[in-house]
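Chains C and L, in that order, give the protein sequences. In this text, residue positions in the first sequence follow my numbering: the first is 1, and each later residue adds one. In this text, residue positions in the second sequence follow my numbering: the first is 1, and each later residue adds one.
The hints are simulated quantities; they were obtained by calculation from the structure and are not laboratory data. In this text, all values refer to a predicted model and were calculated from it rather than measured experimentally. Built from N, CA and C at the ideal position, the CB exists for glycine as well. There's no promise every hint is true.
So the derived list for chain C, only partly shown, Cβ under 10 Å to chain L, looks like this [claimed, not checked]: (1) 272; (2) 329; (3) 333; (4) 334.
Quick list of the computed label-pair ranges, beta carbon to beta carbon [claimed, not checked]: (5) L/97 <-> C/193: 36 to 42 Å; (6) L/197 <-> C/74: 16 to 22 Å; (7) C/84 <-> L/211: 33 to 39 Å; (8) C/206 <-> L/19: 41 to 47 Å; (9) C/192 <-> L/19: 49 to 55 Å; (10) L/263 <-> C/48: 30 to 36 Å; (11) C/192 <-> L/278: 50 to 56 Å; (12) L/197 <-> C/193: 15 to 21 Å; (13) C/192 <-> L/173: 33 to 39 Å; (14) C/81 <-> L/271: 57 to 63 Å; (15) C/81 <-> L/155: 36 to 42 Å; (16) C/150 <-> L/275: 25 to 31 Å; (17) L/271 <-> C/150: 56 to 62 Å.
Protein chains: 2
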Amino acid sequence: MRKLVRVVVDTMGGDYAPVEPVKGAVDALKRNNHILVYLVGQRKIIHQELSQYIYPKDRLEIVSADEVIETWEPPVNAIQRKKNSSLVVGLTMVHKGMADAFVSSGNTGALLVGGQAIVRKVKGVERAPLAPLIPTEKSVALLIDCGATVNARPSHLVQFAMMGSIYMETIMRVKNPRVALVNIGAEEEKGNELVKETFLLLKEKKNINFIGNIEARDIPKGVADVLVTEAFVGNVILKLYEGVGTVLINRVKSAMMVSLRSKLGALLLKPVMKQTLKIFDVSEYGGAPLLGLQGGVVKTHGSAKAVHFKNSILQCIQLKDQDLSGKIQEYFSEKA
Amino acid sequence: MRKLVRVVVDTMGGDYAPVEPVKGAVDALKRNNHILVYLVGQRKIIHQELSQYIYPKDRLEIVSADEVIETWEPPVNAIQRKKNSSLVVGLTMVHKGMADAFVSSGNTGALLVGGQAIVRKVKGVERAPLAPLIPTEKSVALLIDCGATVNARPSHLVQFAMMGSIYMETIMRVKNPRVALVNIGAEEEKGNELVKETFLLLKEKKNINFIGNIEARDIPKGVADVLVTEAFVGNVILKLYEGVGTVLINRVKSAMMVSLRSKLGALLLKPVMKQTLKIFDVSEYGGAPLLGLQGGVVKTHGSAKAVHFKNSILQCIQLKDQDLSGKIQEYFSEKA
Numbered sequence: 001m002r003k004l005v006r007v008v009v010d011t012m013g014g015d016y017a018p019v020e021p022v023k024g025a026v027d028a029l030k031r032n033n034h035i036l037v038y039l040v041g042q043r044k045i046i047h048q049e050l051s052q053y054i055y056p057k058d059r060l061e062i063v064s065a066d067e068v069i070e071t072w073e074p075p076v077n078a079i080q081r082k083k084n085s086s087l088v089v090g091l092t093m094v095h096k097g098m099a100d101a102f103v104s105s106g107n108t109g110a111l112l113v114g115g116q117a118i119v120r121k122v123k124g125v126e127r128a129p130l131a132p133l134i135p136t137e138k139s140v141a142l143l144i145d146c147g148a149t150v151n152a153r154p155s156h157l158v159q160f161a162m163m164g165s166i167y168m169e170t171i172m173r174v175k176n177p178r179v180a181l182v183n184i185g186a187e188e189e190k191g192n193e194l195v196k197e198t199f200l201l202l203k204e205k206k207n208i209n210f211i212g213n214i215e216a217r218d219i220p221k222g223v224a225d226v227l228v229t230e231a232f233v234g235n236v237i238l239k240l241y242e243g244v245g246t247v248l249i250n251r252v253k254s255a256m257m258v259s260l261r262s263k264l265g266a267l268l269l270k271p272v273m274k275q276t277l278k279i280f281d282v283s284e285y286g287g288a289p290l291l292g293l294q295g296g297v298v299k300t301h302g303s304a305k306a307v308h309f310k311n312s313i314l315q316c317i318q319l320k321d322q323d324l325s326g327k328i329q330e331y332f333s334e335k336a
Numbered sequence: 001m002r003k004l005v006r007v008v009v010d011t012m013g014g015d016y017a018p019v020e021p022v023k024g025a026v027d028a029l030k031r032n033n034h035i036l037v038y039l040v041g042q043r044k045i046i047h048q049e050l051s052q053y054i055y056p057k058d059r060l061e062i063v064s065a066d067e068v069i070e071t072w073e074p075p076v077n078a079i080q081r082k083k084n085s086s087l088v089v090g091l092t093m094v095h096k097g098m099a100d101a102f103v104s105s106g107n108t109g110a111l112l113v114g115g116q117a118i119v120r121k122v123k124g125v126e127r128a129p130l131a132p133l134i135p136t137e138k139s140v141a142l143l144i145d146c147g148a149t150v151n152a153r154p155s156h157l158v159q160f161a162m163m164g165s166i167y168m169e170t171i172m173r174v175k176n177p178r179v180a181l182v183n184i185g186a187e188e189e190k191g192n193e194l195v196k197e198t199f200l201l202l203k204e205k206k207n208i209n210f211i212g213n214i215e216a217r218d219i220p221k222g223v224a225d226v227l228v229t230e231a232f233v234g235n236v237i238l239k240l241y242e243g244v245g246t247v248l249i250n251r252v253k254s255a256m257m258v259s260l261r262s263k264l265g266a267l268l269l270k271p272v273m274k275q276t277l278k279i280f281d282v283s284e285y286g287g288a289p290l291l292g293l294q295g296g297v298v299k300t301h302g303s304a305k306a307v308h309f310k311n312s313i314l315q316c317i318q319l320k321d322q323d324l325s326g327k328i329q330e331y332f333s334e335k336a
């Protein structure tokens, strides 16, 4: 029998805890037979939530953690003080090999700090980047780093490029992924010191398919598979994607409702439009994995709903089955 | 009689020179009686282009400049060497008071360097930022800086906030403009050193209506009038706006064409959709002015068409009529 992939789900983090993470876990269990879910958090609350669902009881366990790390808490402090928080308990299970991955939509800073401090980095990895998939016209691209490493150095970005390549090749089955450096111009000499130095380093890397600089306007066109960038810029890209998409889609939807004529038009367009308007829904693709760690850690959106938790949990099957951590480890140990 | 606003238009810069800048100038002249246009560039070529149009000949003059600064040329070098380029000649006319403003879609770097070196900064202004208007759900917001000042310091960003406020108040008639700092979180302690320090300085400024940090996802919602950011990030925001908007609109348009049913729906929706799909068309609002200079300098998109040139030229009337440079000068001299 195939071994179950064990995913710990944080039921205390994010805007819709515990309702949405619990529902997402139940949905994931029903969707896929190869996972076992640990719901971590306050036992009584989780019990209450679960009571309304029918689910495979042999593949769900509750793990007690009474403390909660709030969104506004300073990360390092919170991790050190709240040893019995859902976040620390969950990450510790991954570290000890009791689980394969941890999914949370709680305090991002705490998850990043905790991921590196508790689950620990693969040897040779300098920083662990946060790397969500973002939709493009043609497919998806991995945006790396989108918020983990403040004050990144060129050597960090080069490692991100490498880890991103391994992710796209291993998990997304993209052959020889095209790696691009986010910059404010296409030419080699454009940009600040960080990107200029990184450009020179990436050009020399033989095992990276570096295609050069990419301007932000070309990101949605899908001309690259891995988008290498510093955390602040990556975070702005991720959130602006979401913001522009949402506003534009809302505008299209309300334009459809202004008159009887437009409503009729909307009715006729409904079948084709439904999929179209989903194209820039970032949450379709699960959460953002924290790469370069010795186990799986996935950050879901702070306002994640059940479907996002479900997708993030299912994503962990891939991380485990394809042994992403192992492959990154292999690469960095060969290098050493 | 009212004095004409004198605008120099660079006919040699950008992807569609000389066709589009010349056509844009003619359109602007027809649209507004209060402007005089100087077309700067190679006289013979401009003559040829103009021959196909009927236009008010008393308000258009050709100014000879035989050299062209190419897009790939290193800015400082190009400005110093090509004294007879359309860019240097045009900026010099503004410096000498022979014209009120210069509009170009040529080499951005050269325009930024030339603007500061030839037209010169207002006394007290440390750096001149590039500040385009970007559309939001409700109206527009000024994105400042979107590419002029590499390695900006907190004091630069504070000046950008001030100049942006003056612009929105003077040109866009926004009372007490809401100024926000682009950051990766809403809380005061979020972000890198630059934004943290800038936050503290902005909080102390009594003549700025500082509303705190803004996350990129909220930019399109229109919750702020002035978006203060460092050049690299600003440039990414501007271009991603364009990229996401374009791809999404193309998707909507092609979805409308997939079947007979959808085509019929599209036909019914046409009247309302036309305006809706224009919402994120950045070029609707003219070009990006370089603020804090002693005269008007406006950068239009490298792939600007006639309509963008026309809008950028008309924008110069506002810059002159409202005496933006004078108001910025006034503010910075009071401070001294």
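### Task
Identify every previously stated hint that the structure contradicts and give their numbers, smallest first.
2, 3, 4, 9, 10, 11, 16, 17
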